[in-house]
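Engineer: Protein sequence lines, in the order shown, are assigned to chains U and A.
For the first sequence, position 79 matches number 396 in the numbering used here, and the numbering has no gaps at all.
For the second sequence, position 445 matches number 566 in the numbering used here, and the numbering has no gaps at all.
No wet-lab data here; the hints were simulated from the structure.
Among the clues, some could well be false.
Unchecked claim - If the Cβ cut is set under 8 Å, some of the chain A residues that face chain U in the computed set are: (1) L132; (2) D133; (3) L188; (4) P189; (5) L211; (6) P212; (7) S214; (8) P218; (9) D219; (10) K551; (11) D579.
As the list claims (entries may be wrong) - What follows is a list of derived Cβ distance ranges for each label pair: (12) A:R234 / U:S476: 47 to 53 Å; (13) A:S672 / U:G585: 36 to 42 Å; (14) U:G512 / A:K620: 32 to 38 Å.
C-beta: ideal position from N, C-alpha, C; glycine also.
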Amino acid sequence: MELIVARPEGLYCPPGDFYIDPWRQVERAVITHGHGDHARTGHAHYLAAAPSEGILRKRLGANIDLLSLEYGQKINHHGVTLSLHPAGHVLGSAQVRLEYKGEVWVASGDYKVEDDGTCAPFESVPCHTFITESTFGLPIYQWQPQNEIFADINQWWQSNADNNRASVLFCYAFGKAQRLLSGLNPDIGPIIVHGAVEPLNRVYREAGVNLPHTQYVSDIQDMAQIRKSIVLAPPSTQGTSWMKRFGDYSDAFASGWMQLRGARRRRGVDRGFVMSDHADWPGLQTAIMATGAERVFVTHGQVHTMVRWLNEQGLDAQGFNTEYGEEAAEAEANLPSQTEPSIEAKSTDMNSLKAFD
Amino acid sequence: MKAFANLYARLDATRSSNAKLAAMQDYLLATAPEDAAWAVYFLSGGRPRQLVPSKLLRELTLTVSNLPQWLFEESYQAVGDLAETMMLLLPKSPHTPDESLTVWVEKQLLPLRGLPAEVLMAQLLPLLNQLDQQSQLVGIKLITGSFRVGVSRLLVTRALGLVSGIDAKQIAQRLVGYTDISARPTAADYLKLIAPINEELGERNDGQPYPFFLAHPLQAATDAFDGLIGSSDNWLVEWKWDGIRSQLVKRNGQLWVWSRGEELITDRFPELNVLADYLPDGTVIDGEIVVWQHQYMEAATSLSETDSQAIAVGVQPFALLQQRIGRKTLTAKILHDIPVVILAYDLLEWHGQDSREQRQSVRRAQLEKVVAQCNQPQLQLSTLLTGVNWQDLNLQRAASRSLGVEGMMLKRKDAQYGVGRTKDVGVWWKWKIDPYSVDAVLIYAQTGHGRRAGLYTDYTFAVWDAADNEAERKLVPFAKAYSGLTDVEMREVDAVIRKTTVEKFGPVRSVTPTLVFELGFEGIALSSRHKSGIAVRFPRMLRWRKDKPISEADTLETLKDLLPQTSRGAKNGDAKVGGSQ
C-alpha cells in the first residue's frame, strides 16, 4: 500500500487523508519545517514539531490552527501512526514517520546530517520506504566540517576589521543566519543583523539556543565601530541602498551553492563560504543507506541523477515531482528573502487538538 | 606553487581592480624572479600546449573517484569546468611541503607532455595528491592549458609597472611576444621586463612588434559628429577592412608578421615574405591582411590610389581568409586560389626610428612614400577616403556592405600612435555599419561555462524554411549565440527553457519554440557544414522580441537575401563561423 503519493496539492497520505508540506491549500497539513516553500499559508489544520511552533506562528500567523508534537511523540490518525523526528536542517525541522499495517514510510523534508548545534541533530529512522530530498545530489558537493568554515569566516572578518572594513555576510534569515551567529567570534567586533534576521534570532533564543549579542545598525552611531563589524543580511539586500551605510565593505555569501566558482562569480561577492543546511552527496548516501529502506522516492533537487544512481546501487528509486526548491543551482540565488517578518496577528491560540487525532 | 595558488585565489575572490593589483604586487615582490617569470606568463594569457589530453584526465578522475561515466558528465555539466570538476571529485589531501612554481611547471608539468597514457595514469595522481584543493585547481588548469583568471593583460602590465616603477606602456612593449606558446620565460626574462629604462637601448634590434593601437566604437547620429569630434577636415578616413590586423616588422634583413593577438604569423603568409627584399631594415608597418581577388593581382599596381571602389572590389570575404588560417599546411592551390595582400595604414618605425609619437598625417605621408618605394603588389595602401563633410562620408559609408568592408575608420590627423585602447595621445574611431539582423526562434539551449555554469545561456536559433502561408514549414537551425542578454534576461530565459523543455540530450535541451530574438551578425556566407546552408559571423542577441510570436520570425529566404551577390549560387565555401578583430 502506498502511504504517500504525489498529488497536485502536494505529497498525500491516502489512508491518513493528510498532506505533507502541501503547496496548495488543504484541510490537513503536516509541516516538516518553516521555510517558505514547505510551510505555506491557508491550510485549515497544521501539525508540526514543537520546536518549530514559534517560527510557524511568526510566519504563517499566530492564530493558525496548529498541533505540535514533541520529537518521537506518536499520534494515531485514521489508523496511521505518525511521529516526527529531527532532520537537522533548521530549528524545528522534522522527518515524518508514518506507520500503517506494519509498513513504515519516512518523508525527510529537508535535512542535514552534520550536527550544527542550533537545532536537534538528524536522527536516522529505519523504514521500508524513504522519501529524500536531493538538493545537493551530485558528488561534487562535499562539505567541510563546520568548525573549519567558521574559522575561515572569522579570519575573513578579522582581516577586514584590521583594515577597518565592514564585513557583510549574505545568508538566509532563517536557519543559516542563526547557525552562522553561533559560530562567530564576538571578540572581533560588533555583530549587526538586518531587520529580517533579528525576529528569528529571538525565536531561536527563546528555544534555548545560545547566540551572541546582536544589534541593529541603527543602534550603532560610531562609524568606526561599524567598520569593525560583521553584518548578517538576507541576499535580497545585496545592491540596495541599505548597504550604503557600511561604506567600503567586503561582502560574502554563505551557501552550499558557493561550492562552485561559477555560482560564486555570478553572485558577485568577494567571498563565497560553502555552508549548507542540506546534506551533501556523502550525507545523502549515508542517510539513505542508514534507513535500510528498499524503496526510495527522490524529491526536489537532482532528482534524475539521484534516482539513476540509487537504482544502480540496487535500490528501487523513483522521482516525485514537487514544488519545493527549484531544480538548478540558480534556485537559491534567485529566491527572495524567505523571511519577511510577517504581521503578527493578535488573536488567541485556537488550536484544535481534534483535527489530527 | 602554494604561493601562486594563493594569488589565484585572491584574484578569483575579488572584483576590484585595485585588490587584484595589490594581490599581484604582493606576489611579485615576494617571489623569486624565476617564479615571477612564469606567473607573469600565465597571468597575461600565456598558455603552453595542453600537456595531458582531457580524455585522459576524465578517465583518471573516473578511476579514482569510482563514479560511473554518466555521473561524472552530470557533475561536469553542473560545474562547467573540467579542472574544477576534477578538483571536486578527486580525494582531498593536505598540502605537502611545496616546491616553487618554476619547479612545478618545468620539472613536473611540462615533462608530462607526450608521455604514454599508462605512464600518465600512474604519475598524475601522486603528483596532484601533493597539492591541496586550491593548488590542485591551479595545477590542473596549467595541465589542461585552460588557466584563466579575471585579470587582463593590461592589469598585469600595471602591476609590473607598480613593482618596477616603470611606465606601464613601456612594460606593455616589453611584454609583447612574452606569452608566445613556445616561450619558456626565465628569471632573466622577468628581470628584463622590470629593468630600468636606460638598459633598453639597443633592445629594438629583433622582430618585436609594437603594442597595437586600438580603435573605439563611434555610435552617434552623423549630425552630432561635428559637435562630438569636430569637423571631418581634422580626420583621416579609411575603410574598416575585414581582415587580420597585422604588423609587418622588417629588421636585420628579416621579416616578421604579427597578429593583433601578438601571435607570430609570418609562416601563414609566405607570399608576404618577398617584402623583406624591398623594405629597408628598421621598418614597421601596421595594416590589414586581406584576401585579394585573383584577377586583380596583376593589375593591382596600376590601380589609381583614389579609386577606392576598385580596391574594395579586390577584397574578398573574411570567410575565405579563415579557410587559410585554419590550415596547417598551405598548398600551392590555396596560395593560388586565396592570395593575400597587406593593406598598409600606419608606419610605426622608419629607418629604425620609432615614429609613433609623430602626427598621424605625418606618418601617413611617410607611409605613402614607403609603399611607393617598395612597389610590390603584396603591399598596398589602405586608401584614404574624402568627403566634404560627415554627411557626405556617411553617404559613401552606405556602400560598405557591397564593398565587403565593415564601415569606416576615423583617425585624427594629429593623433600619435597610442598603446592599446587608450585615448590620451590621440584617437581612432571605428564607425561601423549596423550589423545584419534577423528575428530567429530559440530551439535548443545549453548550460554555460564559468560565471554562467548551471544556467541555460548558450542557445541555438532557427528560422523558418518557408513563408507563413506554407502549411508544413519547419524551423531550421542556423546560428548559435550566447551574448547580448543582461543577467536578468538570462535568468528569465533560463526559467522559460526549464519550463518548456521537450527533451534532454546530455547538456542540451530542446524546447517548445516560444522565444523570438533579434539576432545580429557581421557576415554571412554559404556553408555546406550547416543544415541551413548558411554560416553567419559573430552572431549575438540584439534584442529579446517579446512582442513577436514565433510565426513572425524570419525565413531562410530572408537570410539568403543577405548573402553577398558574389557568393550567391557560388560553390559552397567551407566557412567556419568565427572572428578576426
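Engineer: Next step is simple, just say for each hint if it's right about the structure.
Structural biologist: Status of the hints after comparison with the structure:
At a threshold of 8 Å, the smallest CB-CB gap from L132 (chain A) to chain U is about 12 Å, leaving the interface hint violated. Contact between D133 (chain A) and chain U, as hinted, is supported at the beta carbon level, the nearest pair being about 7 Å apart and thus within 8 Å. Given the 8 Å rule on beta carbons, the hint for L188 (chain A) holds: about 6 Å separates it from the nearest Cβ of chain U. The interface hint given for P189 (chain A) is met, as the beta carbon of that residue sits about 7 Å from the closest beta carbon of chain U, less than 8 Å.
Given hint, L211 (chain A) at the interface with chain U, is violated; its Cβ is 11 Å from that chain's nearest Cβ, farther than 8 Å. Given the 8 Å rule on beta carbons, the hint for P212 (chain A) is violated: about 10 Å separates it from the nearest Cβ of chain U. Violation of the interface hint for S214 (chain A) is found here, the shortest Cβ-Cβ separation to chain U being roughly 14 Å, above the 8 Å cut-off. Below 8 Å, beta-carbon pairs count as interface contacts, and P218 (chain A) has none with chain U, the closest being about 21 Å; its hint is therefore violated.
Restraint check, D219 (chain A) versus chain U: the minimum CB separation of about 20 Å is more than 8 Å; hint violated. For K551 (chain A), the shortest C-beta to C-beta distance to chain U is roughly 30 Å, which exceeds 8 Å, and the interface hint is violated. Interface hint at D579 (chain A): violated, since its Cβ lies 13 Å from the closest Cβ of chain U, which is beyond the 8 Å cut-off. For R234 (chain A) and S476 (chain U), the Cβ-Cβ distance of about 40 Å falls outside the hinted range of 47 to 53 Å, so the restraint is violated.
A beta carbon spacing of about 38 Å between S672 (chain A) and G585 (chain U) agrees with the range 36 to 42 Å that was offered as a hint. Distance hint check for G512 (chain U) and K620 (chain A): the Cβ-Cβ separation is about 34 Å, which falls inside the suggested range of 32 to 38 Å.
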